[in-house]
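A.B. asks: Residue numbers (this note's numbering), protein chains in the order written: chain B, 1 to 159; chain R, 1 to 202.
If you're looking for bench data, these hints aren't it; they were derived computationally from the structure.
One thing to keep in mind: the hints can contain errors.
Said to hold, decoys possible - Lysine-lysine pairs mimicking DSS-like chemistry, simulated, CA-CA at most 25 Å apart:
no., chain 1, residue 1, chain 2, residue 2
1, R, K193, R, K80
2, B, K94, R, K78
3, B, K94, R, K80
4, R, K167, R, K126
5, B, K94, R, K193
6, B, K94, R, K179
7, R, K193, R, K78
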Amino acid sequence: MPDGGGQVTISIEVNGQRHELDADPQMPLLWALRDLLGLTGTKYGCGEALCGACTVHLDGIAVRACVTPLERAHNRRVTTIEGLSAAGDHPLQKAWVELGVPQCGYCQAGQIMTAAALLAANPNPSDADIDRSLAGNLCRCGTYVRIRAAVHRAAKEKP
Amino acid sequence: VITRRAFLGGVGAASAGLALGLHRARAADAGVFAPNPFIQIGSDGVVAIVCHRSEMGQGIRSSLPVLIADELGADPAKVKIVQGDGDARYGDQDTDGSSSIRGPYDHMREVAAAAREMLIAAAAKKWGVPASRLSAHDDAVHDGKRALSFGELAVAASKLPVPKQPKLRPAKELVHVGKDLPVIDAPDQVTGKAAYAALPVT
Numbered sequence: 001m002p003d004g005g006g007q008v009t010i011s012i013e014v015n016g017q018r019h020e021l022d023a024d025p026q027m028p029l030l031w032a033l034r035d036l037l038g039l040t041g042t043k044y045g046c047g048e049a050l051c052g053a054c055t056v057h058l059d060g061i062a063v064r065a066c067v068t069p070l071e072r073a074h075n076r077r078v079t080t081i082e083g084l085s086a087a088g089d090h091p092l093q094k095a096w097v098e099l100g101v102p103q104c105g106y107c108q109a110g111q112i113m114t115a116a117a118l119l120a121a122n123p124n125p126s127d128a129d130i131d132r133s134l135a136g137n138l139c140r141c142g143t144y145v146r147i148r149a150a151v152h153r154a155a156k157e158k159p
Numbered sequence: 001v002i003t004r005r006a007f008l009g010g011v012g013a014a015s016a017g018l019a020l021g022l023h024r025a026r027a028a029d030a031g032v033f034a035p036n037p038f039i040q041i042g043s044d045g046v047v048a049i050v051c052h053r054s055e056m057g058q059g060i061r062s063s064l065p066v067l068i069a070d071e072l073g074a075d076p077a078k079v080k081i082v083q084g085d086g087d088a089r090y091g092d093q094d095t096d097g098s099s100s101i102r103g104p105y106d107h108m109r110e111v112a113a114a115a116r117e118m119l120i121a122a123a124a125k126k127w128g129v130p131a132s133r134l135s136a137h138d139d140a141v142h143d144g145k146r147a148l149s150f151g152e153l154a155v156a157a158s159k160l161p162v163p164k165q166p167k168l169r170p171a172k173e174l175v176h177v178g179k180d181l182p183v184i185d186a187p188d189q190v191t192g193k194a195a196y197a198a199l200p201v202t
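The whole structure should be built from the sequences, with the hints applied where relevant.
C.D. replies: Encoded structure:
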């Protein structure tokens, strides 16, 4: 495990693929994903863990990649929107398309990743569960009502 | 996603297509008969429609091309949507004031109606029947049970004059306008493929 300062080698598994990254261990995970690995599906929103646009899974748990130091992902599994399903057919992705959830779409990768972590932990969430779980994911287009409907629809279809 | 330059270059290379509208575009850009940049029909049957307003979540890429397709008689689900870069030949491209449907509505219908009339005229010529008994829908011109696809008619239609005052369809013939429409970019938005920055010129 690296102990900070200068360049070290970080070993992470992203969407099933192992990478050895020579990088500053304090680099935000979001930077590593977007700039080093070219995975631009995860978005930069606020940079301060306030908006949820950068949400990814770290060993299946939803985290904000913009404030997660790369060293925290050392020897761990990261899943991004690109790796949520092989063919873009996760029940959440299908429900999102069927119900026309996205408007500008910029926050939606984060919304879906948070919702995916919710469904993994709670396969049949109530409205209140959904609202609580997704409270940290902001959408300035205001797609919240359709997001909630899409999470319910995805919950009905078992992956 | 495809850049306008790559798109027009491709159309130019194919060369056997129909591109039309109500005024003439710069020939240098297209290299083929291209009086207007909004509609391009290849002899392969691909109908490409330019969305000349900016998408910012209001769904203009999912709606304005459907209006054109509906008036034309093309299946919106098969239409290839091309994003129009800023260019004077598209006319007003202001995307503001909730006006991106209301503003271009009549003009886009006229452009599509002109295309439809030319395709119908080409079919009428081929069959030796009056154009008045033909109709255009589902990417083809129909005469009872027989049909010629837009792709089959593209070359012949491209040789006809562009009607100056095309007749719009009666409202009841517009089958998609006013309906709930799919969000065309949603599959890319939910998989992280959607691009949120200007693309490099190639």
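A.B. asks: Confirm or reject each hint.
C.D. replies: Do the hints match the structure? See the list:
no.: 1; hint: K193/R / K80/R; in the structure: holds, 17 Å
no.: 2; hint: K94/B / K78/R; in the structure: holds, 20 Å
no.: 3; hint: K94/B / K80/R; in the structure: holds, 22 Å
no.: 4; hint: K167/R / K126/R; in the structure: holds, 22 Å
no.: 5; hint: K94/B / K193/R; in the structure: holds, 15 Å
no.: 6; hint: K94/B / K179/R; in the structure: holds, 21 Å
no.: 7; hint: K193/R / K78/R; in the structure: holds, 20 Å
When each numbered hint is compared with the structure, no violation occurs for any of them.
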